[in-house]
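> So the sequence lines, in the order shown, correspond to chains A and B.
In this text, residue positions in the first sequence follow my numbering: the first is 448, and each later residue adds one.
In this text, residue positions in the second sequence follow my numbering: the first is 9, and each later residue adds one.
In case anyone wonders, no lab produced these hints; they're calculated from the structure.
Everything hinted at is true.
Lysine-lysine pairs mimicking PhoX-like chemistry, simulated, CA-CA at most 20 Å apart:
| # | chain 1 | residue 1 | chain 2 | residue 2 |
| --- | --- | --- | --- | --- |
| 1 | B | Lys38 | A | Lys569 |
| 2 | B | Lys38 | A | Lys573 |
| 3 | B | Lys154 | A | Lys458 |
| 4 | B | Lys38 | B | Lys15 |
| 5 | A | Lys631 | A | Lys620 |
| 6 | A | Lys849 | A | Lys631 |
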Amino acid sequence: MAFEGIGASVKRREDGRFLAGRGHYVDDMNRPGQVYAAIRRSDRPHARIKSIDSSAAAAAPGVIAVYTGADMAADGIGGLPCGWQIHNKDGSPMAEPMHPVLATGKVRHVGDPIAVVIAETKAQAKDAAELLVIDFEDLPGVADIRAASAPGAPLVHDEVAGNVCYDWHIGDKGAVDAAFARAKHVVKLDLVNNRLIPNAMEPRAALGECDVSGHYTLSTTSQNPHVIRLLMGAFVLHIPEHKLRIIAPDVGGGFGSKIYHYAEEAIVTWAAGKLRRPVKWTAERSESFMSDAHGRDHVSHAEMAVDEEGHFLALRVSTLANMGAYLSTFAPSVPTYLYATLLAGVYKTPAIYAEVKAIFTNTVPVDAYRGAGRPEAAFLLERLVDVVAQETGIDRVELRRKNFIPADAYPYQTPVALQYDSGNHEMTLAEALKAADYAGFPARRAEAARRGKLRGIGISTYLEACGIAPSHVAGALGARAGLYEVANIRVHPTGSVTVFTGAHSHGQGHETTFAQLVADQLGVPFDQVDVVHGDTGEIPFGMGTYGSRSLAVGGSAMVKAMDKIIAKGKRIAAHLMEASVEDIEFKDGAFRVAGTDKAKALAEISLAAYVPHNYPIEELEPGLEETAFYDPKNFTYPGGCHVCEVEIDPETGVTKVVNFVAVDDVGRVINPMIVEGQVQGGVAQGIGQALLEGAAYDANGQLLSGSFMDYTMPRADNLPNITVGTEITLCTHNPLGSKGCGEVGAIGSPPAVINAVVDALKDYGVRHIDMPATPEKIWSIIAANRPKMAAE
Amino acid sequence: MPTISLKVNGKAVSAEVEGRTLLVELLREKLGLTGTHIGCDTSQCGACVVHVNGDSVKSCTMLALQADGAEVTTIEGLAAADGTLHPMQAMFREHHALQCGYCTPGMVMSAIDIVQKHPEGLSEEQIREELEGNLCRCTGYHNIVKAIAAAFPLMHQKHAA
Chain A
448 MAFEGIGASV KRREDGRFLA GRGHYVDDMN RPGQVYAAIR RSDRPHARIK
498 SIDSSAAAAA PGVIAVYTGA DMAADGIGGL PCGWQIHNKD GSPMAEPMHP
548 VLATGKVRHV GDPIAVVIAE TKAQAKDAAE LLVIDFEDLP GVADIRAASA
598 PGAPLVHDEV AGNVCYDWHI GDKGAVDAAF ARAKHVVKLD LVNNRLIPNA
648 MEPRAALGEC DVSGHYTLST TSQNPHVIRL LMGAFVLHIP EHKLRIIAPD
698 VGGGFGSKIY HYAEEAIVTW AAGKLRRPVK WTAERSESFM SDAHGRDHVS
748 HAEMAVDEEG HFLALRVSTL ANMGAYLSTF APSVPTYLYA TLLAGVYKTP
798 AIYAEVKAIF TNTVPVDAYR GAGRPEAAFL LERLVDVVAQ ETGIDRVELR
848 RKNFIPADAY PYQTPVALQY DSGNHEMTLA EALKAADYAG FPARRAEAAR
898 RGKLRGIGIS TYLEACGIAP SHVAGALGAR AGLYEVANIR VHPTGSVTVF
948 TGAHSHGQGH ETTFAQLVAD QLGVPFDQVD VVHGDTGEIP FGMGTYGSRS
998 LAVGGSAMVK AMDKIIAKGK RIAAHLMEAS VEDIEFKDGA FRVAGTDKAK
1048 ALAEISLAAY VPHNYPIEEL EPGLEETAFY DPKNFTYPGG CHVCEVEIDP
1098 ETGVTKVVNF VAVDDVGRVI NPMIVEGQVQ GGVAQGIGQA LLEGAAYDAN
1148 GQLLSGSFMD YTMPRADNLP NITVGTEITL CTHNPLGSKG CGEVGAIGSP
1198 PAVINAVVDA LKDYGVRHID MPATPEKIWS IIAANRPKMA AE
Chain B
9 MPTISLKVNG KAVSAEVEGR TLLVELLREK LGLTGTHIGC DTSQCGACVV
59 HVNGDSVKSC TMLALQADGA EVTTIEGLAA ADGTLHPMQA MFREHHALQC
109 GYCTPGMVMS AIDIVQKHPE GLSEEQIREE LEGNLCRCTG YHNIVKAIAA
159 AFPLMHQKHA A
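Please construct the entire structure, taking both the sequences and the accompanying hints into account.
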């Protein structure tokens, strides 16, 4: 039998059902008596709702009910909760305006839900939703963060002055000012981190049910069913947890956008209770564009103080972050503790000060999207470092090496709160440069020039933070949730194993990876281990999957639970083999008496545990099942080096990524094939951000990129082959040594791409290009600078 | 409502449909073939690709009425009766060409059509161009392209035999 333990590229067991068309996604579910919900949404960015006339809709064929915000309010339903509270510089709490489930009084962004129509068929519901007559009084809107934070800007919430959600800072301002005063060079850069629309391929969907005894079930496209149960049950619908079950079955991609508690989940659950019929809602893609939380959308100014030799002395950053119209579940944490705390990157910059203003605008709420804050930090820093290189004349690789935190400096305390546990940036850099044949680049550039093409190469050496934790520290910083993960491991009487995990798989392949991990540690065959996730009726209270945490946090909980299984197994084995517990060793699936050939297989122990005839029953409970909660001591810190090579056609401005190398330190790897796939997917989203994608609004807040016709998703012919390498330093504080791999691709790649584009255009006097570097943008730069070139 | 008759995955079926019912709605909602997915509303994503009379078709772009009398193959109809995967399905698994699985049925149906339409051979660049009509958000396409290239000899060898 092939090796299927830790480190083996085992083929995924989930693939069987997906390839056969037997996946089980929310929209695939249908219940007897099911009815359909259609949401009427605002088509305008900012308006007062003067009246809603639902008479025609209510009278339309098949319509069962029409509900508005007033109906929800009458049932005592308030707003959607926010899961993180940031405090301002002066210690006061952030502005946290009401986020109604269905709009009341005002709509604040295109896509804001106003009413729900429930009908016998989907077509009837949609038809009737069109019949609602809503009398709006349009108000001036604002979409751009700079415009929204300017004096006199329209107010998204009347009670939030200046549209400022919070004005926060971190770091030692005095030390930074002093360092700038003695710097040889001060290098400044203004950047925009473009707004992205996540676009998981499965549109969101929700199916609410309520049985005769008042037990509710919500099947939903979620990355974290227990979080939804807590938020929706306790804070929105006031359904006690024992009467509320959340099922997140096969989910077709998330990338962060399916972490949050969305209005539609509450709407279908509440309506199912009122109507006592199952109520199903499935988003059309156009609804996804205007109701799934968007990502990024920062405007920043950064300054680096540098000494004569090129050592970074201090970094000063000021950022405006777009929150959208309301606070999505974890939005406030993204531009603060997931962004500004990462501004040290891989460098030993001794002083850092960052201030962040979060601003409300008439746009879809913004929250964590693949990387969440860390891509914004990495882009800022890695662009800035390249500009420092350009302006000081120091080679960009040398400049990075000069400022790297050396491998022997770990654990390393940064000036912005985090303590990195491990890393080796020189190692990932060297490996990536080798794999990308960096040394051979000048020859490739010359060859491209002969063909009339502009070739450039860019690198980024980045670091990020995964598995946000520990709970008590996050709590002190404003988190309103725990950040542990849970695992329950059930060894069945005959020795097969079921793993119940709080982590959720929506593409990550947990059913394979976690089975490998548990099979390896318990010494049972891979096919004897099953993984259950995604149903609060089956799994203990866990926090789900986000922030590349599933293995580092969820896997560590499994290790803890297995430790308990083994400890109990040793006591049973000691009893059965009449030995002392201290003499029992567990190895390769068997309990052995040290120094003898006496051994009992795990299956013999589990059988004894469930059929406790010969069993230490006075001191030990029967059964072999253990639960463990793992609350990490720290974040994990994956990092690495990405190298991107591009070729630009000066006639069209089209950039082709001709080579991409990612060498990442993700700690211990369980399944290299899956890790490689995660990195490739992340890099594709990063290349998408750098070259193709950008949510577009007009000044007032009308969404201009509202479909796949206007929002450029990366397609197969936009992307290169992506070479992935891993170099490993182990995480020092979790039992697996794993760090996380889900987001590294999307974090490391955008600056590598833009650094390559700027490098390709270096003869055109280009210092910086904001993302996405579209053909139009690049062509315009080339066109504007051509006469100067010709004259030289 | 008019009644249509067609063959789906080799089986004769008939159904009453509204004039506006899309082929994908017929498959998913009337016939319970939920392997074919809906990922957009502008015929861009390709999650709904099926074969109609041997050609790949975005089933969100065709009325059910237009499929009257047609032979339709969906992802559920690809594997042999004993469960043996079609070579394209097998290569998708072998090369880790799927993650969340949502684009996968449409991707596999398109991929089969691409390979069938190019018996002369396919370069990597051609595969990437031919995949223009199918979006995947998870894989970055790298492994999908590899899987299609690997399925090519298996499919044409099978046809030759």
